[in-house]
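**Q** Residue numbers (this note's numbering), protein chains in the order written: chain W, 401 to 652; chain L, 401 to 652.
Worth double-checking, as some hints may not be accurate.
Said to hold, decoys possible - Here are the simulated lysine to any residue pairs, SDA-like style, with alpha carbons at most 20 Å apart:
id, chain 1, residue 1, chain 2, residue 2
1, W, K550, L, H585
2, W, K550, W, P523
3, L, K550, W, R647
4, L, K550, L, D479
5, L, K550, W, D432
6, W, K550, L, K550
7, L, K550, L, H513
8, W, K550, W, D432
9, W, K550, L, D479
10, L, K550, L, A527
Derived by calculation from the structure, the hints in this document are not laboratory data.
Number of protein chains: 2
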Amino acid sequence: MGGVRFRSPSTGRSIRAVLFDTFGTVVDWRTDIASAVAGYAERHRLELDAAAFADRWRDRYQPSMEPIRSGAREFVTLDTLHRENLDAALLESGIDPSDHDAGELDELSRTWHELTPWPDSVPGLTAIRSDYIIGPLSNGNTSLLLDMAKNAGIPWDVIIGSDINRIYKPHPRAYLHTAHLLGLHPGEVMLAAAHNGDLEAAQAAGLATAFILRPLEHGPHQTTDLAPTVSWDISATDITDLAAQLRAASTG
Amino acid sequence: MGGVRFRSPSTGRSIRAVLFDTFGTVVDWRTDIASAVAGYAERHRLELDAAAFADRWRDRYQPSMEPIRSGAREFVTLDTLHRENLDAALLESGIDPSDHDAGELDELSRTWHELTPWPDSVPGLTAIRSDYIIGPLSNGNTSLLLDMAKNAGIPWDVIIGSDINRIYKPHPRAYLHTAHLLGLHPGEVMLAAAHNGDLEAAQAAGLATAFILRPLEHGPHQTTDLAPTVSWDISATDITDLAAQLRAASTG
Numbered sequence: 401m402g403g404v405r406f407r408s409p410s411t412g413r414s415i416r417a418v419l420f421d422t423f424g425t426v427v428d429w430r431t432d433i434a435s436a437v438a439g440y441a442e443r444h445r446l447e448l449d450a451a452a453f454a455d456r457w458r459d460r461y462q463p464s465m466e467p468i469r470s471g472a473r474e475f476v477t478l479d480t481l482h483r484e485n486l487d488a489a490l491l492e493s494g495i496d497p498s499d500h501d502a503g504e505l506d507e508l509s510r511t512w513h514e515l516t517p518w519p520d521s522v523p524g525l526t527a528i529r530s531d532y533i534i535g536p537l538s539n540g541n542t543s544l545l546l547d548m549a550k551n552a553g554i555p556w557d558v559i560i561g562s563d564i565n566r567i568y569k570p571h572p573r574a575y576l577h578t579a580h581l582l583g584l585h586p587g588e589v590m591l592a593a594a595h596n597g598d599l600e601a602a603q604a605a606g607l608a609t610a611f612i613l614r615p616l617e618h619g620p621h622q623t624t625d626l627a628p629t630v631s632w633d634i635s636a637t638d639i640t641d642l643a644a645q646l647r648a649a650s651t652g
Numbered sequence: 401m402g403g404v405r406f407r408s409p410s411t412g413r414s415i416r417a418v419l420f421d422t423f424g425t426v427v428d429w430r431t432d433i434a435s436a437v438a439g440y441a442e443r444h445r446l447e448l449d450a451a452a453f454a455d456r457w458r459d460r461y462q463p464s465m466e467p468i469r470s471g472a473r474e475f476v477t478l479d480t481l482h483r484e485n486l487d488a489a490l491l492e493s494g495i496d497p498s499d500h501d502a503g504e505l506d507e508l509s510r511t512w513h514e515l516t517p518w519p520d521s522v523p524g525l526t527a528i529r530s531d532y533i534i535g536p537l538s539n540g541n542t543s544l545l546l547d548m549a550k551n552a553g554i555p556w557d558v559i560i561g562s563d564i565n566r567i568y569k570p571h572p573r574a575y576l577h578t579a580h581l582l583g584l585h586p587g588e589v590m591l592a593a594a595h596n597g598d599l600e601a602a603q604a605a606g607l608a609t610a611f612i613l614r615p616l617e618h619g620p621h622q623t624t625d626l627a628p629t630v631s632w633d634i635s636a637t638d639i640t641d642l643a644a645q646l647r648a649a650s651t652g
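Between the sequences and the hints, there should be enough to build the whole structure, so can you do that?
**A** See the structure below:
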């Protein structure tokens with residue numbers, strides 16, 4: 401924690417904390433969810449394209465948070481939304497979830513607690529951690545992020561889940577309340593994310609920004625977020641590259 | 401995170417998380433505060449018994465939280481209370497804080513962010529961490545606990561500061577809301593603390609309990625908490641001993 405830290409051109413401040421979007425940026429949700437779905441389908445003799453089902457499940461992610469962002473629905477955790485969205489995705493696939501054991505579906509939904517990091521994530525985070533506070537800035541709830549970290553050896557310094565802020569990104573409060581709890585000015589906090597939309601909202605809230613390229617998050621035919629839409633503070637090919645760029649900029 | 405975990409006789413459940421009181425239990429606040437006060441007094445040519453002043457400052461700790469626990473005062477962070485209590489302790493010592501630079505007093509008050517762990521704390525926590533979730537369950541705010549951990553290498557998995565729960569121990573909500581955010585039943589959470597009063601409140605809230613002997617927290621003439629008042633789930637001579645007892649009980 402010594403030495404010169406990266407100074408954000410956009411916020412004009414030295415960065416103290418680098419916080420990470422998790423689903424897609426730190427962990428590869430699609431591979432693990434498809435694999436868990438395939439296992440479930442096999443055990444229950446369901447005809448199911450597991451990768452397509454994973455996409456269908458995830459497609460409900462943003463829409464399911466929208467009523468909470470708008471205030472139309474009281475906050476519920478992402479665990480709750482994942483479980484509701486699983487039922488909806490099953491119905492959409494012609495499978496009635498009420499024909500299935502609720503405990504087994506709960507278990508399938510808990511797969512989101514145990515996703516595998518991209519190969520560069522843990523080495524990159526470990527390097528960044530020597531100079532900066534690191535943590536998730538995710539729509540995951542605290543216990544989900546904690547289980548994920550414990551399971552995969554992700555060395556977070558601190559975990560402020562969405563159930564602590566009681567709001568979902570890209571609502572500005574998600575970014576600002578996290579900075580507040582860390583005792584930092586928003587401009588001292590950098591969001592690193594594979595999604596330009598997330599970075600836009602973080603920048604609008606006054607945070608520094610780093611784009612992380614994750615061209616396989618949505619599988620081999622991904623069409624979104626294949627490049628930074630604007631010039632973020634940093635654009636990196638992965639988290640190890642982010643670590644190298646932060647190190648180079650702070651000592652250069 | 402494998403294998404058999406300690407089963408609490410009092411809660412009847414296997415423990416998943418071991419959470420620690422920090423001031424006194426994990427870190428030696430008195431030595432560091434006295435040392436910072438001595439440095440301040442020397443720079444400002446104040447006649448001051450630094451250890452006595454540290455005690456005077458800390459004596460205001462519990463009373464200053466009481467109006468918040470009772471609801472008479474809206475929640476403010478421990479950083480705010482520490483700073484207010486510093487002014488009060490100075491006045492009590494015949495020193496008018498308004499004669500002093502506010503920024504320098506802020507800096508002195510930030511000493512609470514950088515306290516030194518007892519020698520057994522980090523090795524003991526590191527050992528416990530391989531089988532359990534570990535974190536503080538402290539009246540410190542999140543940024544204080546994070547700075548302390550980062551500064552001293554305390555390997556917390558998760559930090560739920562009092563500013564997240566917005567209440568101070570021993571109010572039951574401090575224990576229960578922490579367990580809730582971890583996604584655990586209160587009986588799966590163990591509080592480890594050097595203070596019998598804290599353990600009483602944790603047990604009343606349904607948590608498991610471990611007493612940690614810290615006979616020098618209040619200096620060489622300590623008269624309080626020199627032994628467990630009742631038979632807690634575990635009574636340990638320090639955190640390394642707690643790690644050994646948890647290990648023995650879970651494999652035995």
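**Q** It remains to establish, for every hint, whether it holds in the given structure.
**A** Going down the list of hints, with the structure as the test:
no.: 1; hint: K550/W x H585/L; in the structure: holds, 18 Å
no.: 2; hint: K550/W x P523/W; in the structure: holds, 15 Å
no.: 3; hint: K550/L x R647/W; in the structure: holds, 19 Å
no.: 4; hint: K550/L x D479/L; in the structure: holds, 17 Å
no.: 5; hint: K550/L x D432/W; in the structure: violated, 32 Å
no.: 6; hint: K550/W x K550/L; in the structure: holds, 18 Å
no.: 7; hint: K550/L x H513/L; in the structure: holds, 10 Å
no.: 8; hint: K550/W x D432/W; in the structure: holds, 17 Å
no.: 9; hint: K550/W x D479/L; in the structure: violated, 30 Å
no.: 10; hint: K550/L x A527/L; in the structure: holds, 18 Å
Going through the hint list in order, the structure does not satisfy hints 5 and 9.
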